[in-house]
Amino acid sequence: MAILEIRNLVASIEGQRILNGVDLVVRGGETHAIMGPNGTGKSTLAAIVMGHPRYRIEAGDILLDGESILDLKVDQRSRKGLFLAMQNPIEVPGVTNFDFVKTAVSARLQADEHLRIGKFILRFEAAAKALNMGEGLSHRFLNQGFSGGEKKRNEILQMSLINPKIAFLDEIDSGLDVDALKLVGEYVTNMKSPELGLILITHYERLLDYLTADHVHIMIKGRIVKSGGAELIRKIDTEGYDWLKAELGIDELEEQKIQYSLGSCAAKTLSPGDKL
Amino acid sequence: MTLADLASRSDNALILDHDNVAYSRLEETADGYVFSAGADHPLNIIVVAADRLEPLVFRFRNKTLTTLRLIILEEAIQPLRLAFELEEDASVKMTQAFLSHAKTPLKVTLTANLQDRAKLRIDDCILHEGRLELTDIYQLQGEGANIYHRTLQIGAGLDSTSRHQAVRHLAKSTVSELENYLIAVDGAKLKYDVEGAIAKGHSASACTQFNRGLIFGEHAEIEADPKLLIDEYDVIAAHGAAIGQVNEDELFYLQSRGLSESEAKRLIVSGYVGPLLDAVGDPDIAAGIATLIEAKIKGAGIV
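Protein chains in written order, with our numbering: chain A, 1 to 276; chain B, 1 to 303.
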């Protein structure tokens, strides 16, 4: 059973601190949901765990199965079993969806292994059908011309074929209509197993109607400030995050910086109390 | 077996070697080389060395359906001029491969005039070593005429190219699509000047240009200058250019699926190359071109 441990993770970008000491443990078979207002570091956490080179780790550690992965490159982390379904998957013209997934799956094989292509085609087609992706998916260029919902479903299709140990699903619900959301939720639910740990990053509870989370974490200002169960989702759905900020004494005003423009050649960030 | 051997083994090959033209089937007439309607008769045109003052004229009669494969192997002592005349309903599909190397600039001009409903599709693969000057003039003279031109160019070392592409929509319901996929490695400099013009009254026409470029190395340059000159309201016109190094987010995405950095870059490059190789048709020639491409992109550190 895989285990991802994030210990007191502090990270920054261009000198600005984004994560302020995140602690999280995810085991195979568990489903965690990370919720929180915009700009609190949820997607950044996923990107940092995956190894995005833009971010700098200031302190803390990330361990997969007991070994630190901080020194590993993105692809090495992927081959170790991490996966990130992205908010904005890129488009690669000229590369077919099938060739891309085949390359990704092949990258995981040992030197003496080879991909059984016939079997792989059947798996690809079955996943595409189950996700209602249409018959021509394998020949379409990677994410090119895909609708927002198709891109998200394609991320899930890749996940199911790559078969990771720990997967972040970053706002996989955005761009999906109700039917597609239900489809994706049920598909991922069927993927659940003791060999797969899931971390769902979402703003809204609607994804969690179809994909049950065992643990819910609220992230504000680069920290997980509260963890609990499904009752947290219901409370956020009805009351938002203000009660939590009040409960924890988080300076709300600092969260609400106002951007305004001074004509075309200057801009300033207002602090509370500044006069316009 | 060289690409020249592969291409000339066809029983329908036209070979230009200096000013000597050898053609296995048709004689050159006052109208040029004339293709008539009937079964598709693919032709390999091989320019070993061009030293001919007159243009090579190809005339495609009504309803001709033809596949051409133009391979330029050595150099042009004189500028090489090609002229295509497509009559009504003629349909021509051409793959061009510039596999040349020359100390002096190689200059090639292609002019194509398309009549009613004529269709011309060109897939270019430019691997020329040295200086290259290309001019393409497409005149869509008949209603419903259609040109699609896709280019893959890979420049490396001190290669430099200057290309002018112009499409003139001179009738209603004409369609043009120009797509350029450019890769510059080391100190290569590729400059594309792309122009589309729809004259007044030629409504229901569509003119699109798309330029995409990958730069590997600090000294490589790609410059694409798309222009649209539109004098009619009822048309579709669009142009775009996306040129630069492989960006961090693209690499992150591909690497997050387990591909190493070089595999990820290679995959992106394969997206440029693959569709062109598919268009070549002859698998042996495509394999030969693929080998040349591998050699050309060595400097990108992805082979």
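Hints were generated in silico from the structure; no laboratory data involved. Do not take every clue at face value.
[As the list claims (entries may be wrong)] With a straight-line cut-off of 16 Å between C-alpha atoms, the simulated EDC-like cross-links for lysine to aspartate or glutamate are: (1) B/Lys298 x B/Asp186; (2) B/Lys119 x B/Glu87; (3) A/Lys129 x A/Asp179; (4) A/Lys102 x B/Glu263; (5) A/Lys235 x A/Asp209; (6) A/Lys221 x A/Glu247; (7) A/Lys73 x B/Glu250; (8) A/Lys73 x B/Glu87; (9) A/Lys73 x B/Asp17; (10) A/Lys245 x A/Asp209; (11) A/Lys151 x A/Asp177; (12) A/Lys151 x A/Glu91; (13) A/Lys73 x B/Glu248; (14) A/Lys73 x B/Asp186; (15) B/Lys191 x B/Glu179; (16) B/Lys93 x B/Glu177; (17) A/Lys151 x B/Glu250; (18) B/Lys172 x B/Asp249; (19) B/Lys189 x B/Glu232; (20) A/Lys226 x A/Asp209; (21) B/Lys189 x B/Glu223.
Now for the hints, and whether the structure bears them out:
1. B/Lys298 x B/Asp186: OK: lysine 298 of chain B and aspartate 186 of chain B at ~10 Å, within 16 Å.
2. B/Lys119 x B/Glu87: With Cα atoms ~10 Å apart, lysine 119 of chain B and glutamate 87 of chain B stay inside 16 Å; holds.
3. A/Lys129 x A/Asp179: The given pair, whose Cα atoms are some 15 Å apart, holds under the 16 Å limit.
4. A/Lys102 x B/Glu263: holds (13 Å)
5. A/Lys235 x A/Asp209: holds (14 Å)
6. A/Lys221 x A/Glu247: This hinted pair holds, its Cα atoms lying about 15 Å apart.
7. A/Lys73 x B/Glu250: Given pair lysine 73 of chain A, glutamate 250 of chain B holds - Cα atoms ~15 Å apart, limit 16 Å.
8. A/Lys73 x B/Glu87: With a Cα-Cα distance of about 58 Å, the restraint between lysine 73 of chain A and glutamate 87 of chain B is violated, given a limit of 16 Å.
9. A/Lys73 x B/Asp17: The hint is violated at about 53 Å.
10. A/Lys245 x A/Asp209: violated (25 Å)
11. A/Lys151 x A/Asp177: The given pair, whose Cα atoms are some 13 Å apart, holds under the 16 Å limit.
12. A/Lys151 x A/Glu91: holds (9 Å)
13. A/Lys73 x B/Glu248: holds (13 Å)
14. A/Lys73 x B/Asp186: violated (26 Å)
15. B/Lys191 x B/Glu179: holds (14 Å)
16. B/Lys93 x B/Glu177: Measuring from Cα to Cα gives roughly 14 Å; hence the hint holds.
17. A/Lys151 x B/Glu250: holds (15 Å)
18. B/Lys172 x B/Asp249: violated (43 Å)
19. B/Lys189 x B/Glu232: Given pair lysine 189 of chain B, glutamate 232 of chain B is violated - Cα atoms ~35 Å apart, limit 16 Å.
20. A/Lys226 x A/Asp209: Violated, at roughly 21 Å.
21. B/Lys189 x B/Glu223: With Cα atoms ~8 Å apart, lysine 189 of chain B and glutamate 223 of chain B stay inside 16 Å; holds.
Against the hints set out earlier in the document, violations occur for numbers 8, 9, 10, 14, 18, 19, 20.
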